[in-house]
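Colleague: Chain residues, written in single-letter form:
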Amino acid sequence: MAKQSKLFDSDRPKSQDISWCPGCGNFGIRNELMDVLEEMQYKPKEIAVISGIGQAGKMPHYLKANGFHTLHGRSLPIATATKAVNPGLEVIAIGGDGDMFAEGGNHLLHTIKRNPNITVIIHNNQVYGLTKGQGSPTSLAGMKTTTQPWGVYDEPMNSIALVVSQGCSFVARTFMGYKEETKEIIKNAINHVGFSYVEIFQNCVTFNKVNTFMWYKNNTYFMKDHDVTDKEQAMIKAFEKDPYPLGIFYVNKEKPCFDNHLPPYKDSAEPLYKREPDFDKIRKKIEQKRG
Amino acid sequence: MSTLNIVLGGAAGQGINTTEELLTKALKESGFNIFATKEYMSRVRGGINTTTISISSSPVRYYREKIDILVPFTKGVVDWTSERLSENTLILGEKYLEQEIPSGLTHIVVEIEKLAKDLGNKLFANTILSGLLFGIVKADKKALNKVVEKKFSSKGDDVVSKNVQAAEKGYELSEKICKEYNFSFEIERDSSVCEDIVINGSEAVALGALNGGCNFVSFYPMSPSTNVAVNLADIAEEMGIIVEQFEDEIAASNASIGAWFGGGRGLVTTSGGGFSLMCESLSLAGMSESPVVIHLAQRPGPATGLPTRTAQGDLNLALYAGHGDFPRAMYAPSSIEEAYDLSTKAFDTADKFQVPVILLTDEYLVDMYYNVKTLAVNDTVDKHIVEMNSDYKRYKLNKSGISPRGVPGYGDGIIIANGNEHDEYGDTTEEIGLTTAMQEKRMKKLEGLKAETLKPFFYGNDSYSVLMVSWGSTRDTVKRLVDKYEDKGLAMLHFSQVYPVYDASDYLKKADKIIAVEQNITGQFAELIHRELDIKINERILKYDGRQISEEFLEKELSEKGVL
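Protein sequences, first through last, are from chains A and B.
The numbers in my numbering rise by one with no breaks, and the one at position 234 of the first sequence is 234.
The numbers in my numbering rise by one with no breaks, and the one at position 454 of the second sequence is 454.
Hint data in this document are derived by calculation from the structure and do not stem from the laboratory.
Some clues are possibly wrong.
[Stated by the list, open to error] To give a feel for the contact side, a few chain B residues facing chain A, derived at Cβ under 8 angstroms: (1) A11; (2) F246; (3) D476.
[As the list claims (entries may be wrong)] Not the full set, but computed from the structure, chain B residues with beta-carbon under 7 angstroms of chain A: (4) V44; (5) G47; (6) L210; (7) G240; (8) E247; (9) N254; (10) F261; (11) A376; (12) V377; (13) V381; (14) I414; (15) G419.
Even glycine gets a Cβ: it sits at the ideal position worked out from N, Cα and C.
So here's chain B without its partners, still in its complex pose:
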């Protein structure tokens, strides 16, 4: 076995997160590649949340639904995950869950709650469980002890030693179970993994922004975008940046424009509903030619939709938001590494072209995490600002459409920015000639943006017949299918920049069949390709239930289309 899928399921507030944290950290320290993705309900207590932890000998980047080991912390978990279970699934659970287990499935009774009570506190259950799962994959016990010690060190020696004991108990239990049921999961280890960093999508967006010179963060809390702000607030003092929670999204995005105007580099983080409120300010950024970077973490809409689940349904919103015409750029990272890189790049693009840049992620991407070697840090940030002379003109007309941007106080001149149509100085005008020239100047920047558009990722055999077109967080699951079925003439074209659209006509025209793979009900990106490249994509694989496209889902859909 090369990849083991462990799923922890329980009610919100039960401590699944503690087990997940201890386990994944310690497994990585032991030399296993880890990948984790969660699905959770919009509630603080109760309900059922699950975390899928993939443990592997090689890096895992795709989502597989099937569960190898299920650990239900509470009643109802088995039923909630029933579609992901098979006869090969092992269920490790308390005795009282017995009547819930469907016939044909293996229930291994583990009395962790009792063991925890014997140790003096039911809270030890999470550590015992970590030890148990750790033992099942025969990981290095020392690594777990190290992680446990670090995790509880602030709570005193007694808590630390009790938790170490708890981990030991779990480990012992695993040995007993493996012997009794005669199973083992041997996964090859890679010692270089021990030195990897473990990072999630939110952290990657946050650190990427800092790497792009971000020093002002404005937001209003909204799942699943808030963790980016939480991460930055946590280190604001240390990094010397401003992080402010505003009264609403309208204020948050306008404040960001104010920060850029004043010479700062602002990041806004929000989700679809909040972004809707920012449309007016996006238009102000367009007219006043203010750089803006908005991280839009998608969740299913319309309206409140499914607050804690995932989707790719806000592409049209981001694309068409704001009254009037003005250029913009939209990135859609396909991985944690790319979330970091494109978050950095968003700042440069916004600054260089003086346009709004939208970073489209989704709940799946911001909440997932895995181990990576490292993330590259810049040496410098190109600020794209100029010192103003006494006759400075903010909107000076020129060929590129990009007028050098000043900052109040920098140089002897002054700067006038304006949301009304304006002359070169920035003062309001209604003159026909100027109005026309300014409209054209602003749209001229789209040509520059197009010239710098990221090339899509092509993968598969050059003599493909079927081409899957995808964008954003689905890349590596789509790639998994291409790897599996390359002999069927399957290839993929994946976009990490969704606007401007790269002219990929050659790739698209070569295919006998093009299939758009998206997580919305209409195929928003396929429609955009039709609009931009005049190529119609009739075949679609769409998922819009708030859950990420999985290997199994895509396999089934492709089979039904007669591709496999």
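Next up, chain A with everything else stripped away, as it sits in the complex:
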């Protein structure tokens, strides 16, 4: 096992009993994330991890970093706002396929459009874990689940095609079993100015007997010589399957970033909690109503 980061490892009492199943892909993602943050020389106080609900959503409890374990599907608007008022923070939203594609689907679309300078990490295990084995938006057709015992009849959502089509400014997919590549992708995502979408395939050892660790190994490959600035190529790649391409699909550095348009930061990057309201200007606004 590779050397594990210590800086972002939590020593809080409840962090000692991680509730993921042994062998869960979440462990790998956690390790990769902790390593990346340390390698990038961040301090725990500079990071905020905003999660939704699901097994992935438990992440803030197993890290030493600012965290907010919010509601199912709602982490993106919360993360967007946290970054907007506290621009020095590196904000990472975390959730699973149910969190981001089902309950929070509308927020995902509009966060792509808004393009805040945050990163989203989506743990995609193609099944619902925390609620015990229901189909997810990315479950493969034919997969038998607790609530679709006849087998999922519809085709899975093509998440990569969806986000590329919406012009997401950074789109990548990886598999947690490829540690170095995954770290490199997360690093690039964090460095990208704008909304960075990182989808990470992970195995669910308890509820997904189709997409196992070995299935992902055997059914994925890293793209080579792919031009990340070419949206059409990215769309073509997004429709490829068996094997599924991994790597950075698309990057658009020109897309206007939400945070760069915010009025408080025209002259100063100081977070809002350090500032005082401008009472003289408020007084002036009231005075102007004298006619």
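Following the hints, position chain B against chain A.
Modeller: Just chain B now, kept in the frame of chain A:
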């Protein structure tokens, strides 16, 4: 005559708003107190909208329905307002409206459209009309010219001079009419009014929020709450605040929680339907102990209801919204001044107690406007946040239930907020002892909120027999009735904070008869008083047609109850 009610009625898009703006500004500049309230249809063009402008020698704060002068801009207005007309009403209108005027009413034919065309553009009609009405109350012509010049200055000298001419034409017409029909409306002026500010309810909520340190505004458009966001967006650059229209109300309210978490001070503005979508996030605020300020501008429901009309039907929604138990505070401003003050206060209460605070206004309050002396501005905002040390515990248990709130990046520590039940650090727990302690800690804050609950406004003779209980925007109309009928033993108790409910048992028990006055069909506040104070209010005066309770309505209802 001390108060004159002028009503302008026309189709959406006809320019009533221009006349209203010119007229009210110029009248105020001339030293008249003004008050304006509108009722409008949910459409961008057509239909019939009306604006009631009260002109008075003293400040007007109540709603009187009766029309002294009606100016119909289009066919159908006379019929739409028929219940508000009397034999004393003067109708100033074009000749083609003649067949609509009921017999017994005075129709003064004014050919404003023709005068406007003579000046070169039918758009001048609004300015001519302003001049006409201005002349009828014998206001200072210079004041109108000044307002007209300011209003049109961006459109070039030619437009300005044409509009000044138009105003003059209107003024001349008024002199002719007053002479011909031998009437005059002499209203005493008060020169101190000239220096007053003129402000509407939406602006008051918006400025009050800024005064409370608001720096992040998230919303999804919904009448009648949107103007608060419009006002703040308009000055966002200048004030250095963030105003963002989100994809839905779910995102808007969650974003506000995210803003508070990050150290901002968020305002959400919405109406009933949007608030319904925010229930889940309200519960998150309750559990994660996030401050939240939601402005809920009420309109009649259920569902889409009457989008542009007024109601007090969302008290229960705001009171019970969100799964699980958690404390909250709810303010219901009774006036524009209070909308400003309580919007400011909402931020402090939310921050201090780390709870959701709901500011309940309604369409009537946010859309009405009048002149006030000034609004007081703070010198400082108490932020109620702490620098975190390396062993910081977000949910530290203590006596008050209020654990010092940190902000990411402030100090050496880190903060963990959580919507799951949690330990003192904020990490998820299912332990029996902790779960119990955390539930109790959160509810403990209700005691602090209760201790700071605003006292209701009592008005009337101490030896009252009948007590009217009201809340929110109806205060000054109820007060008008108390003034009028104090000799009948009438008094009022008005609540500007509807939760927690102030213990007003003494006032209530003293009355022979208590009458709840509300703008909903069930008497939601009366039921809340019963729940909280164990005092049952059987008599109710309820209005639920989307129109504000007026002096005449309340008078009639009180008569029917045998009170007057």
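Colleague: Give a verdict on every hint.
Modeller: Evaluated hints:
no., hint, verdict
1, A11, "violated, 28 angstroms"
2, F246, "holds, 6 angstroms"
3, D476, "violated, 20 angstroms"
4, V44, "violated, 26 angstroms"
5, G47, "violated, 30 angstroms"
6, L210, "holds, 5 angstroms"
7, G240, "holds, 5 angstroms"
8, E247, "holds, 4 angstroms"
9, N254, "holds, 4 angstroms"
10, F261, "holds, 5 angstroms"
11, A376, "violated, 9 angstroms"
12, V377, "holds, 5 angstroms"
13, V381, "holds, 6 angstroms"
14, I414, "holds, 5 angstroms"
15, G419, "holds, 6 angstroms"
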